[in-house]
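J.: Those protein sequence lines, which keep their order, are chains A and B. Residues 40 to 440 in the numbering used here are what the first sequence spells out, letter by letter. Residues 40 to 440 in the numbering used here are what the second sequence spells out, letter by letter.
Treat the hints as calculated values from the structure; they're not laboratory data. Check the hints yourself; a few may be wrong.
You can't tell identical chains apart in this list, so a pair holds if it fits in one copy or across any two.
Claimed, not checked - Cut-off 25 Å, straight-line C-alpha distance, at most; resulting in silico cross-link-like pairs (DSS-like, lysine-lysine):
no.	residue 1	residue 2
1	Lys-334	Lys-244
2	Lys-66	Lys-177
3	Lys-334	Lys-63
4	Lys-334	Lys-64
5	Lys-404	Lys-429
6	Lys-371	Lys-334
7	Lys-163	Lys-66
8	Lys-66	Lys-247
9	Lys-64	Lys-306
10	Lys-64	Lys-405
11	Lys-63	Lys-247
One letter stands for each residue in the lines below.
There are 2 protein chains.
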Amino acid sequence: MQERTGGITSPRGFRASGLHCGIKKTKKDLALVVSDVPAACGATFTQNRVPAAPVVVDREQLARSPFIRALVVNSGNANACTGDRGMEDARAMISATARALRVHESEVLVSSTGVIGQFLPMQKIAQGIASAGDCLSKEGGEAAAEAIMTTDTFVKQLAVETTLNGVPVTLGGMAKGSGMIAPNMATMLAFMATDAAIAPELLQKTLKRAVDRSFNRITVDGDTSTNDMAVIFANGLAGNLMLTGEADPGFTEFAEALEHLLVRLSKMIVVDGEGATKFVEITVVGAASDADAVKAAKAVANSNLVKTAINGEDANWGRILAAVGNAGIDFKPTETEIYFGDVPVLRRNYRIDFSEEEARRVLQKKEVAIRVQLNGGPGSATFWTCDLSKEYVEINANYRT
Amino acid sequence: MQERTGGITSPRGFRASGLHCGIKKTKKDLALVVSDVPAACGATFTQNRVPAAPVVVDREQLARSPFIRALVVNSGNANACTGDRGMEDARAMISATARALRVHESEVLVSSTGVIGQFLPMQKIAQGIASAGDCLSKEGGEAAAEAIMTTDTFVKQLAVETTLNGVPVTLGGMAKGSGMIAPNMATMLAFMATDAAIAPELLQKTLKRAVDRSFNRITVDGDTSTNDMAVIFANGLAGNLMLTGEADPGFTEFAEALEHLLVRLSKMIVVDGEGATKFVEITVVGAASDADAVKAAKAVANSNLVKTAINGEDANWGRILAAVGNAGIDFKPTETEIYFGDVPVLRRNYRIDFSEEEARRVLQKKEVAIRVQLNGGPGSATFWTCDLSKEYVEINANYRT
């Protein structure tokens, strides 16, 4: 497996475009992605009980058929909390895309991100979809990745190559994140494409598992949005023997490549977290189970007190231990050890004899690794998060107005 | 029931003192509270799995006997994550207090708040306890309330008078809060005293219920500390007929007065939340059950996105609805209504036709009421929280160093 520069159009048979249609003032706000042939589709959606219209509509679309040709995404407006009119608008985006690309309406997915509770400017969007259909290209992946951004400060995309039973295949993807990122999908959109041939059920299962170990392991502010989705299209143009079961030759390589791609996109989202000045990796080992390790890592990653301490480059290990204490898992505080990078700040039996200077040197870096060793079992998990800064408050105090 | 200026020494037979013993640089850091006679004691403690030494020791003390004469509290150092030596230090504080006041060691409780993971300066504390014992007085309640503060910016105390079956009784209390406040007890200390006569079991039950409806309904940053406790002493000197069951005449009045006192202290804690510029009351009505309403109100109160929007005086109702959507309860978004003060910002079926100007006038006030009507059942709950400001980050990025 190798990383490549590239994105969603890196695999064979995918084209894309991204342009400004007028939802935002000047930035790109509309993206199209198209597969030359029907592609098997897997998707995971927000667990929020107030799903946005495109989430509801896409679930309906995929219930009808898991074979998709095209995806249309707008940014700047989430089409969330928009009731019946929002549903009509989401369906109208699908119709306009189907018309522009001459595909069937059942073959189109729609996605939106941005402000909640405002109606989409449908005339601008319809015109934008027509224009975007006219400028699809192999090179359009980056423009599409740019068009799905909201408060993101950089484009998030990557491609990965691997070999399935001797046949080279490519996976590529783009994502947007920024605020409201939390496990269980947060205003986080991720779209992946591959030319591998894989049956829809297996693709769905593989995506779900990879999402659980990537996008569901990152957090910016603990909030979960109305619009999150992670979608993958597999058009089979690489020509590998169709993967239909986990025992098939090449499946392991595919699953690894997909997880790698998703983890890398996840980390990009965290690095670009609203107001983030530091990237923080939290690893918990020695929990009774992996599930317990996930709970502990999540509790640390979501603690405002831990995140502000890291912002202040303060080796406040007590807040980390207190956060684990709030995770609702069984563990022995006296057995627990905490490391900042390689510096042990807490040893068993509350032994503390670290140099503040050494710990601070770790915390002064842009990337901070925190390791919590519970020394109580085989369970482990890694979470990725960022610090909590004054800029986060600045951005979110005045997002809408 | 009537509120009175006063605090923990307002009821008959309680004296207190507060002084600087040297844990902090110059501010008061040691408090004593004493009852002239043994008092029935009720207590609730942090749910954090890493309880500080005084929490562990107090649980042991109360398991031996629920009758207590004295309480010693230090601020500036939490005596948390301090292992065996921390336990010894907590017990030594009890011994020193017992000696200074000539009471039995089983009659003393201890409490600490402040930095985690550092050993107490026991010599200073022992001297401080002796001095504090020498200056106990009826007027010392305020000094004690001052001595338990950490980043608090004002003293939190109040007294309440009521009549139990014709006998006037007084309840008084002091609290400290500031950061790390969340339901299930957070770095929050609350000590109450009353001259009412009430059996320990009934007192415990009544305290627990009142805490669930007050201190467990407030949140500053969603974190729960290692040291939280709420303790009440009832010395019976008012001379009412001992309350032993909920059917006893006067019990309802006592329970109401206690809940009133705890709610008022809770609100003071929120008003003084770290960096708080606004006090926010979140009421959820129309949930399927009270438990669901609590979940919904808590999700809104803990959402960084909601709290930053309020900080920015932005009528971002979409974030409120999204937070309810994350609460894990069943409800119909299309039936939901949201009010800022009296201004309906979201009506059923996502009808939005409010004036931004009107909503902003509500949000510009120091106290903001948010009402979420789910219109789906009889359940209701109220939570109190504050906004999330840049000052919160400032305070918490550099707390320890």
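J.: Look at each hint and say if it fits the structure.
T.: Now the hints, each set against the structure:
For the homomeric pair Lys-334 and Lys-244, the shortest alpha-carbon distance inside one copy (23 Å) is at most 25 Å, but the shortest distance between copies (31 Å) is not. Only within a single protomer do Lys-66 and Lys-177 lie at most 25 Å apart by alpha-carbon distance; the minimum there is 21 Å, versus 68 Å between protomers. Taking identical chains as interchangeable, the C-alpha atoms of Lys-334 and Lys-63 are never at most 25 Å apart, the minima being 38 Å within one chain and 35 Å between chains. Proximity of Lys-334 to Lys-64 under the C-alpha cut-off of 25 Å is found in neither arrangement, the shortest distances being 41 Å within a copy and 38 Å between copies.
For the identical chains of this complex, Lys-404 and Lys-429 are neighbours both inside a copy (18 Å) and across copies (22 Å), given an alpha-carbon limit of 25 Å. Taking the shortest Cα distances, Lys-371 and Lys-334 sit within 25 Å of each other inside one copy (15 Å), while across copies they are farther apart (29 Å). Within a single copy, Lys-163 and Lys-66 get their C-alpha atoms as close as 14 Å, which meets the 25 Å cut-off; across copies the closest is 63 Å, which misses it. Proximity of Lys-66 to Lys-247 under the C-alpha cut-off of 25 Å is found in neither arrangement, the shortest distances being 32 Å within a copy and 55 Å between copies.
Taking the shortest Cα distances, Lys-64 and Lys-306 never come within 25 Å of each other, neither inside one copy (29 Å) nor across copies (43 Å). With identical chains, the CA atoms of Lys-64 and Lys-405 are never at most 25 Å apart, being 33 Å at best within one copy and 33 Å at best between copies. With identical chains, the CA atoms of Lys-63 and Lys-247 are never at most 25 Å apart, being 32 Å at best within one copy and 52 Å at best between copies.
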